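J.: Sequence:
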Amino acid sequence: GCAMATLKIDLGLKSFEVCDTDGNTLGTIRFNPSDPGLLPRWKDAEKRVRELASTPEGEYDTADGLAMLDREVKAQIDHAFGTPVSEVFFQQVSSLAICEDGSMVLDHVLQAVEPIILEAQKTAQANSEARIKAHTGKYEGKAIGLAPEQR
993 GCAMATLKID
1003 LGLKSFEVCD
1013 TDGNTLGTIR
1023 FNPSDPGLLP
1033 RWKDAEKRVR
1043 ELASTPEGEY
1053 DTADGLAMLD
1063 REVKAQIDHA
1073 FGTPVSEVFF
1083 QQVSSLAICE
1093 DGSMVLDHVL
1103 QAVEPIILEA
1113 QKTAQANSEA
1123 RIKAHTGKYE
1133 GKAIGLAPEQ
1143 R
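Residue numbers for the sequence shown follow my numbering, so the first one is 993 and each next one is one higher.
With a cut-off of at most 25 Å between alpha-carbon atoms, the simulated SDA-like pairs for lysine to any residue come out as follows: (1) K1000 - P1028; (2) K1006 - L1018; (3) K1114 - S1007; (4) K1039 - R1022; (5) K1035 - L1003; (6) K1000 - P1025; (7) K1035 - G1004; (8) K1035 - V1097; (9) K1006 - L1030; (10) K1039 - P1025; (11) K1039 - G1057; (12) K1035 - H1071; (13) K1006 - Q1068; (14) K1035 - P1025; (15) K1125 - A1112; (16) K1035 - L1061; (17) K1039 - L1102; (18) K1125 - N1024; (19) K1039 - S1086; (20) K1006 - R1033; (21) K1114 - G1029; (22) K1035 - H1100; (23) K1035 - C1011; (24) K1006 - A1104; (25) K1039 - G1074; (26) K1114 - R1033; (27) K1006 - E1106; (28) K1125 - D1002; (29) K1114 - T1128; (30) K1125 - Q1142; (31) K1114 - N1024; (32) K1039 - H1100; (33) K1035 - M1060; (34) K1035 - V1080; (35) K1006 - D1027; (36) K1114 - A1104.
Please keep in mind that the hints were generated in silico from the structure rather than gathered at the bench.
Everything numeric in this text was worked out from a predicted model, so none of it was measured.
Whenever a hint applies, use it, and build me the whole structure from the sequences.
T.: Here's what the structure looks like:
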């Protein structure tokens, strides 16, 4: 075949093995936890999911209604991550299924994921500030690189 030049681009993607509480591997998800767009999308999805999950009884009382709600919840989470993570997180289980502790499977997913996102965002912000400082620090308080009228 023809030799094509390749570009290797670091997108900041990280792989996370997702396991259940018994230690069984459910799958692997890949996303950039420090993507600045992820946190706003995640917060929007979480808000929307909470609204959906607290929908007054009746609206989603039927099996079809619950299935529709489950699909929407999973779509919101996939949108936040920009990749289909819900099939790994939830397997064939409804996001609205109740666990032994009385909370929904959805709550367990949210609790597991949020700290990873928040920590990655914090680290990325700190590293970005340090990098900017490294480049601009030598100019602080000096007239280096300024035009005469800027000094």
